[in-house]
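Got chain A sorted already, so can you dock chain B onto it with the hints?
These are the residues of each chain, in order.
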Amino acid sequence: MSRLQIPKTYKLYIGGAFPRSESGRSYEVASPAGDFLANASLASRKDGRDAVVAARAAQPKWAGATAYNRGQVLYRIAELLDGRRAQFIEEITASEGVTAAVAGAQVDEAIDTWVWYAGWCDKYQQVAGSGNPVSGPYFNISVPEPTGVVAIVAPQSSSLLGLVQVVAPALVAGNTVVVIADEARPLSAISLGEVLATSDVPGGVVNILTGSPAEITPWLASHADVNALDLTGAGALEWVDLEIAAADTLKRVIRPEPGLPGRSLDRILAFVETKTVWHTKALI
Amino acid sequence: MTNFLDYAPAPESTSILHLKKSYGLFIDGDWVEGRGKPFATINPATEKKITTVASASSDDVDLAVAAARRSYEKTWSTMSGADRGKYLFRIARLVQERARELAVAETLDNGKPIKESRDVDVPLVAAWFFYYAGWADKLDHAGLGAAPQSLGVAAQIIPWNFPLLMLAWKIAPALAAGNTVVLKPAETTPLSALLFAEILQQADLPAGVVNIVTGAGETGAALVRHPDVNKVAFTGSTGVGREIAKAIAGTDKKVTLELGGKAANIVFDDAPIDQAVEGIVNGIFFNQGHVCCAGSRLLVQESIHDEVVDRLKQRLSTLRLGDPLDKNTDIGAINSKEQLERIRALSDIGEAEGADRWTAPCVIPENGFWFAPTIFDNVSTSSTIAREEVFGPVLSVLTFRTPAEAIAKANNTPYGLSAGIWSDKGSKILAVADQLRAGVIWANTFNRFDPASPFGGYKESGYGREGGRHGLAAYLKGATK
Numbered sequence: 000m001s002r003l004q005i006p007k008t009y010k011l012y013i014g015g016a017f018p019r020s021e022s023g024r025s026y027e028v029a030s031p032a033g034d035f036l037a038n039a040s041l042a043s044r045k046d047g048r049d050a051v052v053a054a055r056a057a058q059p060k061w062a063g064a065t066a067y068n069r070g071q072v073l074y075r076i077a078e079l080l081d082g083r084r085a086q087f088i089e090e091i092t093a094s095e096g097v098t099a100a101v102a103g104a105q106v107d108e109a110i111d112t113w114v115w116y117a118g119w120c121d122k123y124q125q126v127a128g129s130g131n132p133v134s135g136p137y138f139n140i141s142v143p144e145p146t147g148v149v150a151i152v153a154p155q156s157s158s159l160l161g162l163v164q165v166v167a168p169a170l171v172a173g174n175t176v177v178v179i180a181d182e183a184r185p186l187s188a189i190s191l192g193e194v195l196a197t198s199d200v201p202g203g204v205v206n207i208l209t210g211s212p213a214e215i216t217p218w219l220a221s222h223a224d225v226n227a228l229d230l231t232g233a234g235a236l237e238w239v240d241l242e243i244a245a246a247d248t249l250k251r252v253i254r255p256e257p258g259l260p261g262r263s264l265d266r267i268l269a270f271v272e273t274k275t276v277w278h279t280k281a282l283i
Numbered sequence: 000m001t002n003f004l005d006y007a008p009a010p011e012s013t014s015i016l017h018l019k020k021s022y023g024l025f026i027d028g029d030w031v032e033g034r035g036k037p038f039a040t041i042n043p044a045t046e047k048k049i050t051t052v053a054s055a056s057s058d059d060v061d062l063a064v065a066a067a068r069r070s071y072e073k074t075w076s077t078m079s080g081a082d083r084g085k086y087l088f089r090i091a092r093l094v095q096e097r098a099r100e101l102a103v104a105e106t107l108d109n110g111k112p113i114k115e116s117r118d119v120d121v122p123l124v125a126a127w128f129f130y131y132a133g134w135a136d137k138l139d140h141a142g143l144g145a146a147p148q149s150l151g152v153a154a155q156i157i158p159w160n161f162p163l164l165m166l167a168w169k170i171a172p173a174l175a176a177g178n179t180v181v182l183k184p185a186e187t188t189p190l191s192a193l194l195f196a197e198i199l200q201q202a203d204l205p206a207g208v209v210n211i212v213t214g215a216g217e218t219g220a221a222l223v224r225h226p227d228v229n230k231v232a233f234t235g236s237t238g239v240g241r242e243i244a245k246a247i248a249g250t251d252k253k254v255t256l257e258l259g260g261k262a263a264n265i266v267f268d269d270a271p272i273d274q275a276v277e278g279i280v281n282g283i284f285f286n287q288g289h290v291c292c293a294g295s296r297l298l299v300q301e302s303i304h305d306e307v308v309d310r311l312k313q314r315l316s317t318l319r320l321g322d323p324l325d326k327n328t329d330i331g332a333i334n335s336k337e338q339l340e341r342i343r344a345l346s347d348i349g350e351a352e353g354a355d356r357w358t359a360p361c362v363i364p365e366n367g368f369w370f371a372p373t374i375f376d377n378v379s380t381s382s383t384i385a386r387e388e389v390f391g392p393v394l395s396v397l398t399f400r401t402p403a404e405a406i407a408k409a410n411n412t413p414y415g416l417s418a419g420i421w422s423d424k425g426s427k428i429l430a431v432a433d434q435l436r437a438g439v440i441w442a443n444t445f446n447r448f449d450p451a452s453p454f455g456g457y458k459e460s461g462y463g464r465e466g467g468r469h470g471l472a473a474y475l476k477g478a479t480k
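Protein chains in written order, with numbering that gives the first Met the number 0: chain A, 0 to 283; chain B, 0 to 480.
Everything labelled a hint here was simulated from the structure, so no lab data went into it.
Be aware that one or more of the hints could be misleading.
[To be verified] Calculated from the model, a selection of chain B residues having no Cβ within reach of chain A, i.e. all distances over 10 Å:
hint	residue
1	6
2	443
3	467
4	469
[To be verified] Some chain A residues judged to face chain B by a derived CB distance under 7 Å, without partners named:
hint	residue
5	125
6	129
7	221
8	249
9	278
Just so we're clear, the structure is a prediction, and the values are computed from it rather than from any experiment.
Backbone N, C-alpha and C define an ideal beta-carbon position, used for all residues, glycine too.
Chain A with its partners taken away, still in its complex shape (with noise of 0.2 Å):
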């Protein structure tokens, strides 16, 4: 007699915890093919405010964090990553249809994703950042600091990688992220939230938003406590009304790409501001 499967519960991935949403609405997923695959929360705004809330209160420490302790996490993720492998090829071959080979290769390419931006931790600091010859007795140096709070909209074409593609960049200079997830392939993000959980992430650096983008991202646009707005997957919304919105407090902005934005160095230097400190040197 063969046993019989216990279905995972998908929810929510905020402060650290898994919660429902808070508004007890949830969602069908199913594969390309039709079939049931679970049921995902439906985020609502307050789900999204409170992300933001717990986005908020893990920044300070995540910043904080030596760039070699946050270059560690993010290779932890990686390990994790790697460690379940092959639950993430299952979960993507039934969301995207796609070959086994296929879910392989995008988790192989999240994983080095991972490791790729780990490694920037502690580098990309002297590439952004200089020394300045300033015409006068003073010590002068420009770094660059995380933005604070970014709000993700995910790519709407790619369950694991495309998400991997968007956090991974922003968490690098110490930010903290609110990501809504692909809307129709939403399960590998939330087993992605169990992955972070595990990884040495504090609770709050990174918050996994389930449900529809154009529902939750207007009311993150607007949100006077979110610092930037990548709207990499929000090129189906309304999205130059959202870059209207974040403009009222001035928010950083990415704006729609087609396809998977892939790795760049870019992606890490749109969420710093530059920093620069004048120190007086004696005259002797």
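Below, chain B alone, put in the same frame as chain A:
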């Protein structure tokens, strides 16, 4: 009664200026008439008219952008970096040669003391062009990838507080990176930009590479919204910055915004008090406080509050307010009637909300726009004058007990442009600097600027940087910020 502080008048002569009775728009290398209603630019110290300036209509803006596009495609983007650099070096030298004239013009039109336009503004203008001139043939080495590409036509809108210096901050990096420019000076201070156009002619800069259109807000709006503009660079108020960010939403225009500020100037009890007092004065009374990065909130450690405020009042009592052209003047004229009214209104609110107002004893001239250096003590963090940018010679004094409290109060603002820290302890300075959410931090100094040093804000003080390699990247493709 005379005392040792009384000086004989020593005004700089205006005979060095040879101004025209009226100025047109500088488009495609030539002066053309504007189709808007011409307006007068006045000397804020006397309220007398200096000259008449053209106003650019949206059709004129079209012409200017078209000229910039033509020269971008035919001339400037195909010219070698070395040659672009040589033009910028020429401009730097011409600015130095005509420094005295430019300083007088700036002081006449803006109201700032001649010692500031002569010793700060104009030398920095030359330095800015000289610095970016050297980048023009070294873009490959700027760490922005191989052969970084220019953006195209840059629309640049500058404020009235440092008219020529802001022009240099905008034009120098844009041209070095290979872009062409349409620049709109502020309505109340167009004069130095118009003299600069003459310098461009002397430098034989190819026609259309830099176009200067004078006018008010509508001219700027037409420029920002122009569909053939690739880059918008704006320095001014956060309110207008928001409107610009909205106007460019959904386009692929790249944007740099340098907006308002409400900088904290933090004085610890171990600070060198003499220097700190000078730094506080420089921080808020430099350029009549018309400085977006002005140290308008003095956060002083409770134990030294009385001493610092007393010494500050003594020092302010020695400042000379009056004729901006006088070489001994410390505090010049407020730039416009509107600004004076805003400063007065906010100061009255400060008083009404319970802060203790102190005004430096000085004689206010009969004509012109003036506001005596003013300190508000016992200001609460919720007070309007502790939250809103006054953009005038008005200092709010608040106290703190611990570094953590100083940091929390300093960061308690939607702005994040600059901050100051005064302490004899370097390790404390660096620890506090780490925690401040501001783009420029001055330790045991204030209001220092240099073309090699990136400048710009966090949060609602805008985004992007001007100055240094960062300021160059703002005018190149692919480079973020």
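Here's how the hints hold up against the structure:
1. 6: holds, 28 Å
2. 443: Violated, since 4 Å does not exceed 10 Å.
3. 467: violated, 6 Å
4. 469: violated, 6 Å
5. 125: Violated, about 10 Å.
6. 129: Holds, because the Cβ-Cβ distance from residue 129 (chain A) to chain B comes to roughly 6 Å (cut-off 7 Å).
7. 221: violated, 12 Å
8. 249: Interface hint status for residue 249 (chain A): holds (5 Å vs cutoff 7 Å).
9. 278: holds, 4 Å
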